[in-house]
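Asker: Residue numbers (the working numbering), protein chains in the order written: chain A, -6 to 144; chain B, 15 to 778.
These are calculated hints, taken from the structure and not from any lab test. Glycine included, C-beta positions come from ideal geometry on N, C-alpha and C. Any given hint could be a false lead.
[Unchecked claim] Quick list of in silico lysine-lysine cross-link-like pairs, BS3-like style, CA-CA up to 30 Å:
1. 136/B with 22/A
2. 49/B with 22/A
3. 30/B with 143/A
4. 132/B with 22/A
5. 39/B with -1/A
6. 181/B with 158/B
7. -3/A with 132/B
8. -1/A with 49/B
9. 142/A with 39/B
10. 181/B with 75/B
11. 25/B with 143/A
12. 142/A with 181/B
13. 569/B with -3/A
[Unchecked claim] A short list of chain B residues far from chain A (calculated; beta carbon distances all over 10 Å):
14. 34
15. 45
16. 69
17. 207
18. 260
19. 404
20. 408
21. 409
22. 423
23. 424
24. 453
25. 533
26. 600
[Said to hold, decoys possible] Pulled a few chain A residues facing chain B out of the computed Cβ check, cut under 7 Å:
27. 14
28. 45
29. 49
30. 70
31. 73
32. 79
33. 81
34. 85
35. 89
36. 91
37. 92
38. 113
39. 115
40. 117
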Amino acid sequence: MEIKLKLNGRNITASVESDTVLLDFLREKGCLSVKRGCDTSNCGLCTVLMDGKPVLSCSALAVRADGHEIYTLEGLQEEASDFVGFIADQGADQCGFCNPGFVMNTIALLRENPDPTDDEIRAFLAGNLCRCSGYDGQLRGIRNYLNSKKG
Amino acid sequence: MEHKEYKSINKSVRKKDSMQLLLGKPVYTDDVSPKDALIVKILRSPHANAIVEEINTDIAKKVPGVVAVYTWEDVPKTRFAIAGQTFPEPSPYDRLILDRHVRFAGDAVAIVAAETEKAAVKAMNLIKVKYQVLEAVLDFRTAKDNPVLVHPEDDWFPPCEVGGDPKRNMVASADETHGDVEGILSECDIVLERTYHTKAYNQAMMEPFTAYAEFDRYGRLHLISSTQIVFHTRRILSRALGIPKSKIRVEKPRIGGGFGAKQTAVCDVYPAFVAMKTGRPAQIIYTREESQIAGSPRHEMEITVRMGAMNDGTIRVMDLYTLSNTGAYGEHGPTTVGLSGHKAIPLYTGSLEAFRFHYDVVYTNHQAAGAYRGYGATQGIFAVESIVNELAEKIGMDASVIRDRNMLKEGMVMPAYYNEIANSCALDRCMEHCRQLFNWEERSKVRDMGNGKVRTAGVAMAMQGSCISNIDVGSATLKLSEDGTYNLIIGAADMGTGCDTILAQMAAELMDCDVDDIAVFGADTDVSPYDSGSYASSTTYITGQAVVKACNELKKNICAIASEMLGCAEEEVEFAGTCVRHPGTGQTVSLTDIAYKAQVGNTIAAESTATHSSPVSPPPYMVGMVEIELDKLTGEVKVLDYTAVVDCGIPINPALARIQTEGGIVQGIGHTLMENVTYDGRGKPMESSFMQYKLPTRLDVGNLTVEFEHTYEPTGPFGAKSIGEIVINTPAPAIAHAIRRATGVWHRTLPITPENIAMSVSED
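Chain A on its own, in the form it takes in the complex:
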């Protein structure tokens, strides 16, 4: 079936099968930042923004995107660049496979709550698993970014 959506700021029309998962559709469209880490909505690697809200693209059908606006990390490079360097300075990117989903959800967090506490950061990002970093370095990176904004 045909769907129309706005992907990373561009209007597109695409033909999809009724059972195509949004994650696979987005990767087909070249949004390779979107990663599959589980199949059970547990890892958060496939997080994208639908109408500004974070969704797990492994658990949404492509047809659900019809008439909506989707952003992947490909479309939010500048917004992400504002803060990811602080995570890099901690060495907390590690293998990087969880980074796009985690970065997308951090963008959603910071849009909703520009000055979160550490506990609010932990709670918002709780669905983003990382097997390498132990999470603390990611938190330090976000905290350093927030502090830098305050001067």
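Put chain B on the given structure of chain A with help from the hints.
Answerer: This is chain B only, laid out in the frame that chain A set:
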């Protein structure tokens, strides 16, 4: 200890790939593989032990889009091992690409290749298999000499003699004794005997097993794989497929985590086989379920320790027996078990007069185990550190003080560690530092919080190695470019650990340039100099030293070219970073000019390749202390604070060493409190997804504090030792210790879940 001011060493520089990774660039196997590849899927056995009596693929092959379906009848009959180890491997050759005898629920029965995933899955469901279901060996305690054999075949082949006997379900066995164990035990005031049980944890790296295979423009098999071991994978494929190594090229792009899982060629042979048979590109991506049930997890071990001590806390003798469950195939079975003794017993070299270490490694009809960060040391250290905590309590001594009294100290010979000398060892300083930092004296007290919750603390020490001594080989090539920058080419595999960066830091230090002036490439069997691969904690220590050698050799070559340009003898000039100088005349020639000269009428290579191996494997050391809050009603344990002090020699990159430590601690917390691996009565694995296999989230981790005690390891590059594996070893014994103090119960089986705690009865 050497105190040097470095420009690039001991500096927290960003990883070279950081921004690519954080901005989601396409750098992983599935991102870089061409999209026209056939999709490869594996039909897996639902039975733990069975013979494929009949298999009918006729209908499956008729599914539109299906290109091929292969069964045991279609594959080569040469047995091989998929463990990434130096030849001849200690792991037995006990696999076929597809075997008529399937040995665990999840073992491969058929390979399907199709144009789309949908067609492949549909075809899988249409393959008709008639199994003769056999009785299975599901409890590893009953495996040895069980009449049911996991590997009854006659072509089972061990490349090394490690005490295996498939007719007894044995993969390896050994017994070593140092000193008069029984005699000293009889003299001891107190003898404890305890048995500890650890599970077959999954590495659960975020990127599942993935590989892509094609035939390149020279007609050679080209594999792109998420692997830690490009060279071993080439050798494994060559044997499994029966094609020469010269016809195979293996490369790795960025890797989405490995932790040892990708030190085994888990999935590579399937797309390679399909590409070979069809002549078409082929790709496999394991589902998370496949990664969980047909991967390469930790060896389940049951470890019995007898420890003899005096009432004053002197630990005099240890007898450690390990029973290790290698599962259906023997990958890493004979070697992981060794570390359960050799990297646990030496912690008490300070007072031990005698030890015995003996073990059996058995086949069962469980998922085959493999390499996982810690590699047996994690299991052994859980047992040894736990029994020392039990001993301390029995004789009424502080658990940190009993360690002061008995621990290994710098300069000691370690009889339980191949008689190596601890040339760099700050275990004592780590303990004192950690005690102060954590405030052990106060926080180790059992404190009833008055709300049904108890707070208290636990402690453990750890060690690991820095390579496999006399075996691991690392190499590096350093090339000068026209603008005076360098290319560093390695065969080690950065799987997120940051080795590309720390090796570049070493090169930058020696070539007196910026880290940004070192471009790193790795790893590709066609391009990289030989490296055993990234495992056994070896990359910093072994490949690092190869980088040092390559730099020093290249400096000589650069000076030789420069001296020709200056018309003087080679010995008269010196390398000065951006130029070569003649101190006598004050003349200089710039690196750029030298690099251009190297391209004109030149016979001296402006590049150098060097190789390193080590007769010793200097252990890093660590002390971990944990404060928990335990809910006595529900059994819930919260980790409030984990404090660790690590001696990894001189950390090349302190930020990366810290993250390695934090990440390892959190994996250890997961193994101790929530991750479990169980099988149902018919041998089906229960924790087959992240729904059941509970990885720690960021809500499960309290405050982490990591600091370092520096030593200078004389055989390591810039005094460095390893960091990657040791960091997973302290959480289990430290947390179990704290739980005992909170509840009065020693939990000797992992994980220690809230149910286990709530249902347990105090022994006091």
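Asker: Decide, hint by hint, whether the structure agrees.
Answerer: Hints and how they fare:
The straight-line distance between the Cα atoms of residue 136/B and residue 22/A is roughly 24 Å, inside the 30 Å bound, and the hint therefore holds. Between residue 49/B and residue 22/A, the direct Cα distance comes to roughly 12 Å. Compliance with the 30 Å bound is thereby established for this hinted pair. At most 30 Å may separate the alpha-carbon atoms for a hinted pair to count; residue 30/B and residue 143/A meet this at roughly 28 Å. In summary, the hint linking residue 132/B to residue 22/A is supported, as the alpha carbons are separated by about 18 Å, within the 30 Å threshold.
With a C-alpha separation of about 21 Å, the suggested pairing of residue 39/B with residue -1/A holds against the 30 Å cut-off. Restraint check: the Cα-Cα separation between residue 181/B and residue 158/B comes to about 9 Å, which is no more than 30 Å; the hinted pair holds. A threshold of 30 Å between alpha carbons decides the hint, and for residue -3/A with residue 132/B the separation of about 24 Å falls inside it, so the pair holds. Among the hinted pairs, residue -1/A with residue 49/B is consistent with the structure: their alpha-carbon atoms are about 24 Å apart, no more than 30 Å.
This hinted pair checks out: residue 142/A and residue 39/B have alpha carbons roughly 26 Å apart, not beyond 30 Å. A threshold of 30 Å between alpha carbons decides the hint, and for residue 181/B with residue 75/B the separation of about 38 Å lies outside it, so the pair is violated. Taking the CA atoms of residue 25/B and residue 143/A, the gap is about 27 Å. The hint holds against a cut of 30 Å. Taking the CA atoms of residue 142/A and residue 181/B, the gap is near 68 Å; set against the 30 Å cutoff, the hint is violated.
Annotation: proposed proximity of residue 569/B to residue -3/A is violated, straight-line Cα distance about 61 Å (limit 30 Å). For residue 34/B, the requirement that its beta carbon stay farther than 10 Å from each beta carbon of chain A is not met, with the minimum near 8 Å. In this structure residue 45/B is not separated from chain A by more than 10 Å, as the shortest Cβ-Cβ distance comes to only about 5 Å. The claim that residue 69/B is not at the interface with chain A holds, since no C-beta of that chain comes within 10 Å of its own (minimum 27 Å).
With a cut of 10 Å on Cβ distances, residue 207/B stays outside the contact zone with chain A, its closest approach being about 35 Å. Non-interface status of residue 260/B relative to chain A is upheld: no Cβ of that chain comes within 10 Å, the nearest being about 32 Å off. Every CB of chain A lies more than 10 Å from the CB of residue 404/B, the least distance being 28 Å, so the non-interface label holds. Non-interface status of residue 408/B relative to chain A is upheld: no Cβ of that chain comes within 10 Å, the nearest being about 34 Å off.
Against the 10 Å criterion, residue 409/B stays outside the reach of chain A, whose nearest CB is about 35 Å from its own CB. For residue 423/B, the shortest C-beta to C-beta distance to chain A comes to about 30 Å, beyond the 10 Å cut-off, and the non-interface label holds. For residue 424/B, the non-interface assignment is confirmed: its Cβ lies about 29 Å from the closest Cβ of chain A, beyond the 10 Å cut-off. No beta-carbon of chain A comes within 10 Å of the beta-carbon of residue 453/B; the shortest separation is about 20 Å.
The claim that residue 533/B lies off the interface holds: its Cβ sits roughly 18 Å from the closest Cβ of chain A, which is beyond the 10 Å cut-off. With a least CB separation of 41 Å from chain A, residue 600/B remains clear of the 10 Å interface cut-off, as annotated. Here the hint on residue 14/A is broken, as its CB sits about 11 Å from the closest CB of chain B, past 7 Å. Annotation: residue 45/A was flagged as interfacial toward chain B, and the flag is violated, the nearest CB pair being 18 Å apart, outside 7 Å.
Of the supplied interface hints, the one on residue 49/A is violated, with its beta-carbon coming no nearer than about 12 Å to a beta-carbon of chain B, more than 7 Å. Checking residue 70/A against chain B by beta carbon gives a least distance of about 6 Å; that is within 7 Å, so the hint holds. A distance limit of 7 Å between C-beta atoms decides the matter here; for residue 73/A the minimum to chain B is near 6 Å, and the interface restraint holds. Contact between residue 79/A and chain B, as hinted, is not supported at the beta carbon level, the nearest pair being about 10 Å apart and thus beyond 7 Å.
With a cut of 7 Å, the hint placing residue 81/A at the interface with chain B holds, because the nearest CB-to-CB distance is about 4 Å. Below 7 Å, beta-carbon pairs count as interface contacts, and residue 85/A has one with chain B at about 6 Å; its hint therefore holds. Checking residue 89/A against chain B by beta carbon gives a least distance of about 3 Å; that is within 7 Å, so the hint holds. With its C-beta approaching chain B no nearer than about 5 Å, residue 91/A sits inside the 7 Å limit, and its interface hint holds.
Because the closest C-beta pair between residue 92/A and chain B is about 5 Å apart, less than 7 Å, the hint holds. Against a cut-off of 7 Å between C-beta atoms, the interface hint on residue 113/A is violated, since the closest Cβ of chain B lies about 12 Å away. Because the beta carbon of residue 115/A sits about 5 Å from the nearest beta carbon in chain B, less than 7 Å, this interface hint is met. The beta carbon of residue 117/A comes no nearer than 10 Å to any beta carbon in chain B, farther than 7 Å, and the hint placing it at the interface is violated.
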